[in-house]
Each structure stands twice: as structure tokens, then as C-alpha cells.
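So you can see what is in the structure, the chains are spelled out below.
There are 4 protein chains.
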Amino acid sequence: MDRIPVGILGATGMVGQNYITLLNDHPWFEVRYVAASPRSAGKKYEEAVAGRWQLAKTYAPHVGSLMVEDANDVSRAAAAFKKGECSFVFSALEMGKDETRALEEAYASAGIPVISNASAHRWTSDVPVLIAEINPEHADIIPAQKKARGWDRGFIAVKPNCSIQSYMKPLHALAQAGYPAQRIIVTTMQAVSGAGYPGVPSLDMLDNIVPYIGGEEEKSEKEPLKIFGCIENGAFKNAEFPKISAHCNRVPVTDGHVATLSLEFAAKKPGSMEEIKAIWAAYKRLPQEADLPMAPKHPIIYREEDNRPQPRKDRDADKAMAVVIGRLRPCNVFDIRFTALSHNTVRGAAGGGILNAELLKYKGYLA
Amino acid sequence: MDRIPVGILGATGMVGQNYITLLNDHPWFEVRYVAASPRSAGKKYEEAVAGRWQLAKTYAPHVGSLMVEDANDVSRAAAAFKKGECSFVFSALEMGKDETRALEEAYASAGIPVISNASAHRWTSDVPVLIAEINPEHADIIPAQKKARGWDRGFIAVKPNCSIQSYMKPLHALAQAGYPAQRIIVTTMQAVSGAGYPGVPSLDMLDNIVPYIGGEEEKSEKEPLKIFGCIENGAFKNAEFPKISAHCNRVPVTDGHVATLSLEFAAKKPGSMEEIKAIWAAYKRLPQEADLPMAPKHPIIYREEDNRPQPRKDRDADKAMAVVIGRLRPCNVFDIRFTALSHNTVRGAAGGGILNAELLKYKGYLA
Amino acid sequence: MDRIPVGILGATGMVGQNYITLLNDHPWFEVRYVAASPRSAGKKYEEAVAGRWQLAKTYAPHVGSLMVEDANDVSRAAAAFKKGECSFVFSALEMGKDETRALEEAYASAGIPVISNASAHRWTSDVPVLIAEINPEHADIIPAQKKARGWDRGFIAVKPNCSIQSYMKPLHALAQAGYPAQRIIVTTMQAVSGAGYPGVPSLDMLDNIVPYIGGEEEKSEKEPLKIFGCIENGAFKNAEFPKISAHCNRVPVTDGHVATLSLEFAAKKPGSMEEIKAIWAAYKRLPQEADLPMAPKHPIIYREEDNRPQPRKDRDADKAMAVVIGRLRPCNVFDIRFTALSHNTVRGAAGGGILNAELLKYKGYLA
Amino acid sequence: MDRIPVGILGATGMVGQNYITLLNDHPWFEVRYVAASPRSAGKKYEEAVAGRWQLAKTYAPHVGSLMVEDANDVSRAAAAFKKGECSFVFSALEMGKDETRALEEAYASAGIPVISNASAHRWTSDVPVLIAEINPEHADIIPAQKKARGWDRGFIAVKPNCSIQSYMKPLHALAQAGYPAQRIIVTTMQAVSGAGYPGVPSLDMLDNIVPYIGGEEEKSEKEPLKIFGCIENGAFKNAEFPKISAHCNRVPVTDGHVATLSLEFAAKKPGSMEEIKAIWAAYKRLPQEADLPMAPKHPIIYREEDNRPQPRKDRDADKAMAVVIGRLRPCNVFDIRFTALSHNTVRGAAGGGILNAELLKYKGYLA
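Residue numbers (numbering that gives the first Met the number 0), protein chains in the order written: chain D, 0 to 366; chain L, 0 to 366; chain A, 0 to 366; chain E, 0 to 366.
I should point out that these hints are in silico values taken from the structure, not numbers from a laboratory.
Hints may contain errors.
Repeated chains share a single entry, so a pair holds when one copy, or any two copies, can fit it.
Stated by the list, open to error - In silico lysine to any residue, SDA-like type, Cα no more than 20 Å apart, as pairs: (1) 218 with 327; (2) 318 with 24; (3) 218 with 329; (4) 242 with 263; (5) 318 with 55; (6) 318 with 53; (7) 296 with 55; (8) 56 with 304; (9) 218 with 335; (10) 242 with 330; (11) 96 with 195; (12) 81 with 1; (13) 242 with 334; (14) 236 with 118; (15) 218 with 328; (16) 296 with 57; (17) 221 with 329; (18) 43 with 304; (19) 56 with 315; (20) 221 with 330; (21) 43 with 303; (22) 43 with 302; (23) 318 with 57; (24) 318 with 54; (25) 236 with 135; (26) 56 with 318; (27) 56 with 306.
Note that the coordinates shown come from a computational prediction; the quantities given were computed from them, not determined experimentally.
Take these sequences, add in the hints, and give me the full structure.
Pasting the structure below:
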């Protein structure tokens, strides 16, 4: 079977590099179109990233030979689309919010579906914010989105912020089992790769931590409410709960965001810690049932050791797509507390975007 | 005026080294007696620490020439006491809890007051756990302690765990102003020096964090209740509040523990964030009023920048004895939240012990 | 084809853990016997390493179920050998030098070939120190070794220190091309995993480097002379050149030793830097020609970027078995200078040992 | 005695911040004039550095209140000079080389002496590159410099690159004792503060080293030859020796450059390692004899421990102005080898600049 040709917007940046390496051997998708800022446009991809490549893994040879296009040139992408070189695009754009919003809409309007990592459209009322295991049905707003905007084939679907990835699935599993959370206090310890490159200066990360990441706490508190929300009249209506209070910190770790959570249940409480672990172990959802290529076999992995999860040892679990949890215990103030980890540039960025594309393909939204 | 001769038990360990450098130029106390494990006993101090010295600052020359005594040999210390070489001891013993408890009692019984950093006696009902700004009146249990045990001059006073130092003074300041806390959820990010040397392996602290420190969460939750408690019938009675839930983590930082807190007030709430900052800025207590040598001029320093406090920049504030706070803001779940930092080996260990000794001297308990 | 059953001595230590994960899917060898200190003996492997596992990758399920044997119990190993559970052993023993030497001889004497990572036998006159690309013919001392010691099937072969792995192959390639080195001054920047676990304390590796590793400089200077030497009368005779002067440093890196070299050629000098790069690029030896499973396709990889090799980006090149070189340029004092890197726990330890076993199997020394 | 008013060009950058804190309590000089880029000009200094302050120490209150001037506005500085607010300037400019060169000349031409940290004028033939202990007599080119350029009171004097500070004084001490070096191979491991802020990205410094620093090797090889050179006909003539080959690396350390050196003497060799240590211990020069305020009492400190010098423990020795050496031993290839360290932002930057100013004041060049 032929692989579907895909494009990467922002292909030379760090998230773009992650997309490209993760798609090296993808069974469904093949990178055939790369676009970046005008500075890189016109160069071969291998030239454009020479000396700027950040990852230990490298790109497939055929990607190195692709000509980098100007990401602002939507007509060039539309032409590629017509020639069958680009069936949809992953957006890893790193420009301002307003420009990103407009440019992603221009692609969609030109008939090109946009699966985005950018935050620009997360609060657009008819754009789904997808975590494939949690709210696959949110994709079903796409027909309404297309219709309202007069788009024939293009649409926009996004993924949420990387900081919430480690705790959304555990919360969802508990809610599904009848134990929704009412209130949560969470502290994150986030890896530097989340800030891109050059990103965080080393003087801030040697013998130091920084107790602040601009905008991150707001995203950590609000995005879950849209993901746990529902569709009403062609627009998303947020859930009211859980109330979340987030403290977001930058720590000297390359990859892997860790979160400590204290959680109060809304009503009924699980009978024991063992019941909760059993709920997490049993959590399998559409991506697992449909055996999507990027889906982790075990979306939630629980480690019994006292001192886990740890970024260096646990971030790569199950293709770096699993959430790894440890230290579940009663909370002195709320009901339970635990520590959760997910790989921020894979599960929390490019890997999550690819899984969303697989989901959309599976559901028929990517022809 | 002659300086009071003091001894250090556990003088070659990391806390012992901190005591010795902090006392290099102390106006009241002079190190004249150093004791450690039998392995070091009989050597000059400079020989005993050669190749094991952990600090950037070094010891005073006269300390280098002291002969290291066996810390288990209480009679040797008693002889030194009689000769006027050692008026009281700082205990930085690193042996087992039961042995520490017994040995500290043996010193007290031999007439030598013990100002301890060890955790062994923190839950002994008639031993005060002192933070000089918060509960100086707890020292007044000493006469009852001596009497009950038949000690003439010796006694034991201890300091609490380093993990709670960053938030106890801010909580106390608020309580004094009429705003006691009811419930607190705290996540700590603790420096490796807290584990001594060799302590935490580097493989655990390069590109990693460890979400667990044995025993630390229990100490962080319970010790505040004794410190906020009162004396009844010659024994301490714990406070009931605040309820604290702690998540303690080890992070790749040399010195300086950081804590993020979400806090619910018991009843009345401050009118604004500005009111709280004013309360903290005005917080001056006995150590400041008495101008004790080791006391910080400003026990609580508030930084307005978004990205502070940071360990490397803030841990040394006011002789490394101040608490530095930042990011005060309303909490989405409780009432307020903020980030606090204190230097764990100075304020949280040797410096706190010296301040306690100054307090006890000031109050007349060290003749 | 059935895989050959192999044993690991020191299976619970860090090098042992590396052996076990690297052999998870090995086409020729299968771990069927694990031995460690008496403390671990009698437990299942998964129990013995619980809470002590250091790697991101885990062990194969069947290894987790193996019973850990006492590594000192050679008769137990001999019985396993007879039952076909253990055809030879990899030695990753972490005991004293004399004990290791005696114990490895006891295994060989009991008929069990020993492929060792330990340094104990590196200077035994009839034991080969193998780097599979450089001196495969040194394996041919094995018949003489067996005969002299009266061993029928057992023998001992070892690998050299991890610190020299990054520069031995580049030197060998140049020597093979007619440009042997006369004098070398090398500075290494070595990763902490080389010291095992717990190994280097984090207080030595946060905001710090340590300019000393006990015994490392002597090994770095002398072992190359044996590897470049020849067999005379059943014993190794060292080469006289190159003279090496080594400065060995520990740096805050998890895996990957880096070395900077300045090199003076013995006589003839290459015509240009390009000639040298061509020599390195063309370097293929027995492991590549025989397509041994663990052999890197490209034993020497040259990176043209100014700022490479870097541990995090280059250590995993070609299964972490390649040497990665960069910054080749004329030396102001000698002839040339460059920077070289190799993965110390794979190429420099377990991976190198496995490649040696493949070589010995290929040459018929492992039945 | 009144302190001399001084200005800082580039006052808000990292070297500028270091100047300002080091001058907080200086007995001779007082910061009265601060200049920076147009972006900062017109703000109070405390506003200009809010959120950008990199150091643990803070600035003196009176500096916080100074208005920041535009560094390009030389006439403003000249006016301040006339009003007695600025007797000379320290240049910590961070602009391009050509602009820096021209701007520093404009200040000198306006009558304002410039003591510079910038590299722009290091190869100007009549500008001295001073290390106060080594070549104080190079300052005596100043009259010729003024005359040739028609400057009445202004002049330019600079300091060399931070990478050579750790080994220049040890080399000079040996040369003075009759043992000049002929050839040197040096590898540096340099701290990130040398690159300023934001400087080196944290993704390059977590679990990594970078074996390259642009331009640093050339400076490390050539600048010593000017410093060891002499004045001929109003211009500097470089020394021919030592030939130096440098390998410069960036390592995850905040402050403190470490260098490993192998050294060949030109002719006569010291009789023993002890003789060399005695030479280093006895090394006292003009700054020590004149007791200049910033001069270290012991310019060269030798540590006998195997594992020193280390950045975290040794960089602050003697006000961070001393060189700390360890591991002196015979070299297998040249004559001797050793490891040396100096604090790059103090001795290697602002502290070295201040010491140069003290030297120039002492010699009468700063009225």
C-alpha cells in the first residue's frame, strides 16, 4: 500500500525535527513536503538543518533531499496538494499566535487539512483539541467546522499543551470508571526541550530551577476543561470540573515532564489504591482497540518502585507515548496523590500529533 | 570579650563542615572541640578532612590543628568541658536514630548542652524543635526537661527538617497577622546537599529528577504541628492545623530547597495580595529585635520578578538565612499560592542551629 | 538456528545490566545463566534488580525469571555448562583485582570460556586484549594459552579500558594506511556511567568537573601498546609506540567519553586533512567484512560540523558501536589534532565484549 | 579619601553586572556613570536590569538609582567627565568588533581612558594587553599611544581572553625562574558564563559537552605571544615562544575555566616537581608588592589533592583572583603536565579589568 504524502510546516524547528524522525518509518504517512521560514526556503532540507539539528536520531535520506518551501506560500502547498505530494500538513509553526491562526486557516481554506501543534487555535470554538484516547468523538465537529467556514476538504484539528499530557489520561480513566475529579493541585517540573532551541539559557539550568513558564499555568488549568467538554450546536462547551491549580517549573532535564498531583474526587471515591491501579492498568481506548501505529499498547504504565517515574528512565516507555505513573498514595488534604510523567516532545508534541492524524484517518476525515 | 568555646559532634561530615566554616568568624562562639567517628579520631582535623572537604570556603587555621576526638567518648568531652574547652556542643551526628538519641542524652547527662541537627529527638515530648523566629518560647521547656531527667546543666534542643524551612516563616507571619492556614498542598524540589556526601549518585541527577526522598514527606507534614504547638504539663502538645500534604522531590541543584504551595486559610482571608506582602515585609521577631549575629535582617524577602526565587540566585540572600518568596497569586482551588526558597545547609541546617544557640544564649540557657 | 546459551557474571551490576539488554534480541547468543554476589544469589533476577535497575531499556521477560546464582560457585556454572545452559560467560565482575583474576581462571579451568570486561587479566602475558577491528589475530594466542595452563575448552579473552576506545580505531586506520603515530597528547572528558552505580556523587558533578580518575591515565597510556603489539613465543610483546600522555577528567555526562588528541606521526605524514578523512571513511575490518551482528557498519564516522562530536547527539551512532570524530585540523605543535567520541558502556564495555564474543565464535574459538 | 568616579560601558550585560558588583565596596573606585544600548538608555539602572540580573550578589543602592546613558553618546560621557562624574571607563561592550574598536577610540579621543574587556583592540599594535602580574611594563607604551594618536588624556588598555588566564601565570613564574616553555598542548573545559546571557542553550549543556568555541583556540594560542612580547619602536613585538596548540571545549559549569596542559621546556628543565611547586608558591609580583586592592595575596595556589582543582570548590580562591593548580606530574611525551583553573568572569573578566585599572592608577596613568 502506498503511504500518504504529508507535509510539515515549521520543518526545521525542533518540533518539526521530531515529526520528521518519528515519521522515518511510519507505515501510513510519508514526508514529501517540508516548509519553513523564508530564511530556509530554497535550500535542501539537509542544508537548512546543518548545524541546527538537535536530535540524536537523524532524518530519512529522502527527506534530506527535499527542497524547503516557504511556509507562508500557501499556493505552493496547494499546488503540491494537487500533484499528490501533500495530502495534509502537520503544523509545527513557531511564529506569533495571530499569524499562526491566520496561516493555518489559509491552508485549510486551500483544501489542506491541518493537524497542529501550535496553541493558536486551541480556543477557537469549533476546533477540536484532541487526545486520541480521551476525546476521539470531538473530531466529529469537523463537518460543522467545514460547513461554517465554507471549506470543502481542509479543516483544523489541534493537540493540547505538553504540560497536561501526563495527567489527563489518568484523570480520564478514573472518570470513566465513575470517579471524576473535582479539584486538583498540580506542580509540574518541565524539561527544557519544551521551550525549543535555543530556548532556555544554560545559565538558568545549571545548579538551578526556574519557577515560572510564561502562559503555561493558564493552559494547564483551562485546556482540560475543553477536552473534557462536549459539542453543543457546532461549538465546544467546556466542562466545569475539575478545578485545577497549576504551579509550572522549568528543571534541568532534556526531555520528560513530571507532575505531582493532589486530587479530590467529585463524589464517589475508589475503594482502595489497588482499585485505582487496576483502573489504570485496564485503560484501553480507541487507539489501542484500532491498533493505531503510534498508539502505545499500554497508555498508562504504573511503576511500583518508590522512586519512579524518573525522566531519564521512564520517558521512552512504549515508544515514548505512554504516561508513566508512580507513588499513588492517600493525600493528607485531598483524596489521593501521585506522580506522573510523559515525554513532552513525543507524546506531548510530534508523537501526539501523529496519533491524532492516525485517529482522523481511521475515522475517515483524511481521505 | 572572650568567645564561648563550643564543640562539634560529627565535625568531619558535611553538616559538620558547614558548622565549622560558619563559625570561622562568629562573634560569640569559637570551635575548640571537634569529634567524629573512631575512624577520624586521633588525627588532626586538617588530616581527617583532607580529600573529603566539600565546601568552597575553608576552615579557620586553628580548627585545622585541633585533634579529632571520638564522638562516642563522652567522658573525653566532659573533661574538655571541665577544662573550659567546650561549653556546649552542636550535634551533626550521622549515625542511626537510636544511637544518636542515646548519645545526645549521654552528653546532656554529662552536663553538656546539645544543640542538634539530627532528627532523633524531634519527637521526644520534652525536647523543643526550634525555629528562632517562630517559637522561641518553646525553649522554656528546658527547665522541665532538665528536672524530669535529673540533668543539672545539660539539655537537648533541636531544629526541624530542612524541607520545611522555606514555608514555615511565611505561614507564621500570616498566622500572627490573624490568617492561620487550614490546609496546604506543597511540592518541594530539594537540593542534593541535603543528602550529605557521597549522597545522591550523579546518575540519578544528570538529565533526571527523583520524585522521592525517604521519610521527607512525613517530616514535612508533622514537624510544623509541633512547632506551632504549645507546652502543656512539661510536654509539647501539637497544633491540629494546618493539614499539610507534601510531595518531596530531589532535583539537580547543589544548595537551596524550593517549595510550591497552595494554601487555604482557616477563617478570615487577607484582603489582597498586597496585604500579604506587607505582612511578610513587616515580619521581624526576637532574633531581629535582639540583633542576634546569625539572624537575617529580613527573615522574609519577597521578589516581584515573575521567575524568582531561583536557587542559584536567591539561596545566599541575607547570609543564606532568609526565606525568599515569589509568585504570590490567587489559587484556583485554595486561597493563595506562592513559591518559597531557603538555603538547606545554612538556614536549614548549620546556620539554623547556630541561630538556635544564639537564641538560647540570649535567653540565658547557655551560661 | 538455536541461539548459544550464555552466562553473565556480575549480572546485577551496571555493566551486567548493559550486557543483558544488549543481548535481548541477539541473533546468536541468549542469556540463560546469571550470576552475581551472594547477596543476590537465590533470588529471581527481576527481584534482584528491583529498585537498582539503571537503564531506560529493560531486560527480556525470560531473563527476569532466571534464578540468580552465586558467581563464586564455579561448580554450579560447570553443571549448567554440562546441561547446555551456558556455553561461555561474559564477566562483568566488580570485585577486587586479585579475586577477579582467580575467579576468571577458575571458570576457564572448569571448561568455561570467559569473555571479560574486567581489568584483572589485561596484563597477563598470554591473555589477548581485543578490539575486534584492530587486533583479531591476537585471539590466536588462545591455543597456546590453553596448552600452557592445561585447560581443555576454557580460556580467557578481555577487552581494554573504555577511555581508549574513541581513539584506537582512528589511530589504527592511520597506521594501516602507512601513517603510524609516534607521540600523542590526549585529554579525556569521561561520562559518569563509567564509574558504575552509585559511582560518582552528584555533588561532584553539578556545576563541576573532577580532573582525576584513579588509574585511568595509566590504562590509557599502556593498554594501546599491548593492542598494537604482537605475539612472540606464546606471549604478547608490546609495541614501543605511540608514546601517549593522558589527562583524564570526569564530566557531568551520563554516557559517552570524549577525547581531544594532538598527534605526531612517526615518519611519513598524510598529504592533507582530506586524505585522513578518506582513510577513516574507508576503514572496514574483519567485523564489517564478516558482518558480525554487533559490528557497526561504519566503525569511524566523521562529522563535518564545527561543534561535533557531542555526547548526547553522537554516542548512539550505529548501535552506539561507532567512533564519531570531528574537528580534524593541523596542530600548532604536533601534526594533527581532532576530537573523538565513543559510547563507554556500549562500545567501551558490554557492546565491545559482545563483539569480541562474535569474533571468537567466527574464528572458531567458541564451539 | 574620595573615591575616583568611574563609568561602565555595557553596564547591563553580564560582564557589566560583574564590574558593578565587584566595585560595590572598592576602596579606590566608585561607579558613577553607567551606559548601555539605546534600549536601556533613559531608564534607571535598577529598571534596566530588572528580570535580567544574572548574579547572586546585587548592585549597590546608589548604582540602582543611576540613569543609564546611551553608550554610543560619547559627548554625554565627555560632559560627565568634565563634571567629575567619570574619570575613566571600563568597557564591557558587547557589540561587533569594528564598532567596539571605533567606539573605544572615540572615548579615548574625547579624553576618557578606556580599560577594556573587549577583544577588539587586542591586536592593535600600540594597545597593551595586560595581566597585571606578568607584563605591567607594557603599560608604558601609553605615552607613545597617546602621542601617535594625538590624544591628550585618553588611552586604551585591554585584557586578554579568559581562556588563557589559568595558565599564563604558572608559565610566567617558570619563565622568570629560568625555565621558559617551548611547546604546550592545552585542552580547556570552559564555563558557560564566558558566553554571556542568554549565551549557551541549555539543550547543549544538559548531559552534553560541546567541543568547540568560535575563535577561542586562536586567541588561546596567539594572545600569550603578545603578552610575553616586548615594546619596540612604540609597538608590540610578539614573542616567538611558546608554541601553543589549544583544544577549547564548553562544559556544563557556571563559572571557572579548567585547562589541562602538557609542556616542553625550551632548554633547562627544573630539577623536580617540588622545585616547580616552590617556584609557584614564591611567585609574587607588582600587584602583590604594591598591595593593590584587587590583587590576590597568592596569585598561584597549588593543591596537593589528587582531584583538584575543581570549579565549584576552587574558583573563588583569594577573591576569585587566584589561579589554582593541581596534578603536577611528569609528562609521558613532553616534560611536565598539570591542571589549572581560574574564575572566568572575575579573574578572567571584570576582576582582571579592575586589577589593570589599579595597576594603571599605581603607575600614574590614571590621574
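Open item on the list: At most 20 Å between alpha carbons: which applies to residue 56 and residue 304, within, between, both or neither?
Closed with: Classified as between; 16 Å across copies, 30 Å inside a copy.
Open item on the list: If the cut is 20 Å between Cα atoms, do residue 218 and residue 335 qualify within a copy, between copies, both or neither?
Closed with: Intra 23 Å, inter 19 Å, cutoff 20 Å: inter-copy only.
TODO: Measure nothing new, just compare the shortest in-copy and cross-copy C-alpha distances for residue 221 and residue 329 to 20 Å and report within, between, both or neither.
DONE: Between copies only: 16 Å across, 26 Å inside.
Task: Alpha-carbon proximity between residue 236 and residue 118, which holds within one copy, between copies, both or neither at 20 Å - done: Answer is within: at 18 Å inside a copy they meet the 20 Å cutoff, but 53 Å across does not.
- [ ] First find the shortest C-alpha distance between residue 56 and residue 306 inside one copy, then the shortest across copies, and answer within, between, both or neither for a cut-off of 20 Å.
- [x] Answer is between; shortest inter-copy Cα gap is 17 Å, intra-copy 29 Å.
Open item on the list: Regarding residue 318 and residue 54, is the shortest C-alpha distance of 20 Å or less found within a copy, between copies, in both, or in neither?
Closed with: both (16 Å within a copy, 15 Å between copies)
Open item on the list: I want to check one pair: residue 43 and residue 303. Are their C-alpha atoms no more than 20 Å apart within a copy, between two copies, both, or neither?
Closed with: between (48 Å within a copy, 17 Å between copies)
TODO: Please work out whether the CA atoms of residue 318 and residue 55 approach to 20 Å or closer within one copy, between two copies, in both situations, or in neither?
DONE: both (15 Å within a copy, 12 Å between copies)
Task: Intra/inter-copy verdict for residue 296 and residue 55 if alpha-carbon distance must be at most 20 Å - done: For residue 296 and residue 55, the Cα distance is within 20 Å only across copies (18 Å; inside one copy 25 Å).
Task: Alpha-carbon proximity between residue 81 and residue 1, which holds within one copy, between copies, both or neither at 20 Å - done: within (17 Å within a copy, 53 Å between copies)
Open item on the list: Please sort residue 218 with residue 328 into within, between, both or neither, judging by C-alpha distance up to 20 Å.
Closed with: between (27 Å within a copy, 16 Å between copies)
- [ ] First find the shortest C-alpha distance between residue 56 and residue 315 inside one copy, then the shortest across copies, and answer within, between, both or neither for a cut-off of 20 Å.
- [x] both (14 Å within a copy, 8 Å between copies)
Taken one by one, the earlier hints all hold for this structure without exception.
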